[in-house]
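Enquirer: Modelling step: build the complete structure from the supplied sequences, incorporating the hints.
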Amino acid sequence: MTTTAAESIYNNAMQWAATQGIGLGGVAPTEIPGRGLGMVATRAIEEGEALVSVPSSIMLTIDCIPKTFIESFPERTSTHGILAAFLLHGDTILLAKWKCWTDSWPDLQSFKRCMPISWEKELDSNLVDRGKLETSHCLLPPAASGSWNSINNSTRTSSENIYQNILPKQKRRMHSAWQCVLQAFPGTDWDMFSYYWFIINTRSFYYVTPGEQEPEDWNDAVGLVPIADYFNHAGNEVGYQTDLRDITFRFTDMGDIQSCMATFDKESYTINATRRIEEGEEVYISYGSHPNDYLLVEYGFIPDHNPYDAIFLDDLVFEHFTEYELEELKMHDLYGNYKITQNGPCSRTQDVACMVCMRPKKWQEYALHRSNDTTRRKLMTDTINNWISMYLQVCTLRIRALQSTAANSPSVGLDEKNGPDNLKLWTLLKRWIQMRDICETTLNRPTEPIGGNNSRSM
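Counted the way UniProt numbering counts, the sequence shown spans residues 1 to 458.
Worth flagging that the hints you see were computed from the coordinates, not collected in a lab.
Beta-carbon label-pair distances, calculated as ranges:
(1) 161 with 397: 20 to 28 Å
(2) 66 with 288: 28 to 36 Å
(3) 218 with 331: 25 to 33 Å
(4) 187 with 49: 47 to 55 Å
(5) 397 with 210: 46 to 54 Å
(6) 103 with 390: 46 to 54 Å
(7) 368 with 275: 44 to 52 Å
(8) 360 with 74: 46 to 54 Å
(9) 172 with 322: 27 to 35 Å
(10) 382 with 49: 48 to 56 Å
(11) 76 with 288: 21 to 29 Å
(12) 389 with 275: 40 to 48 Å
(13) 171 with 369: 34 to 42 Å
Each residue gets a CB set at the ideal place from its N, CA and C atoms; glycine is no exception.
Expert: Written as structure tokens, this is what we have:
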């Protein structure tokens, strides 16, 4: 598609938006070199101005799907799956309402290039073969893939943290929805279903039917918001607040990059500027305070800078404990979620490291906050550093493997812009380097204090 054709599609979408009562103020979709579509300020925008306001009547949610269509699915079918099926099998006359906007969506190949769920097997074959690596080596990060090559983690069950085993959980959601859709529409094409599943997964906003409880699975609190889905993500010191009583969802700006706040008040989704935005500046929202592995698997991109990025040591830590000790950790609510960020180890990581350094009774007192023993801080630091060093070793091996893959194939260079294999290779290399940097930063940090604001007295 040429730039002219793309601009024509976006212009049609914006003209359609105006006829549907979608308020637009000072922003327009623009192709950004090397990054795809984004929202850019067409003039100077003052703090507090409304950039986009989308009436709930034009949103594409579970509430606009005919009841007879919903009832054709098994009771266990996810909202995500029903929405994807509606886009594929719904009444074409009803779906025509959104056609000018849906025509502007990326195609299936765009998702296959950037979503790991679409290219994991290809990586394990094509790129591995080019680099002469053993096929047992997983090139995806451990938190994304749920797999380690250097340890046996088959007997341990990691915590249910949403930021670990991300891809396996995503696969289960997707294939569960697929099986349910097949029961209602047996002839459903997998590629077309997966395309609309990706659309919902990557472009939806938080949505709960007004007056109803939040669903047990937060992945089902989703809805599509026309035009608002053109905004890209920035996570520079951005947090979010939810108030389920009002069904509101607020992004709070705490930095200079993310520049607007989205709110839903039952009547409409509105995006307002939280600071002055200059003409020509890209305007961002936040998709949430997520680490990069989550953003990669769920959205298909990795930010260069992310204050919420992290690595997790759970499987490395579990290898050093008996079943009895793991049960002890569960008893004290310290099982899993051992996180290392740019600020160092979290308090949970420090607590579990103390279990290695202390006698059982002393550690129990410590876990119950009855001990202020500071004599073992160096041992605790050394224990954590040993785990991080093991993680760093894996990072180093993966980086070398990916670099070797590029060197052994003239057609695959380290350039994200040229070809699908290049994008996958470049993305993976970038991610492993980021994780290596987190490890090295922590290992090079002065011993006192070990975790900065995350540490507590021992």
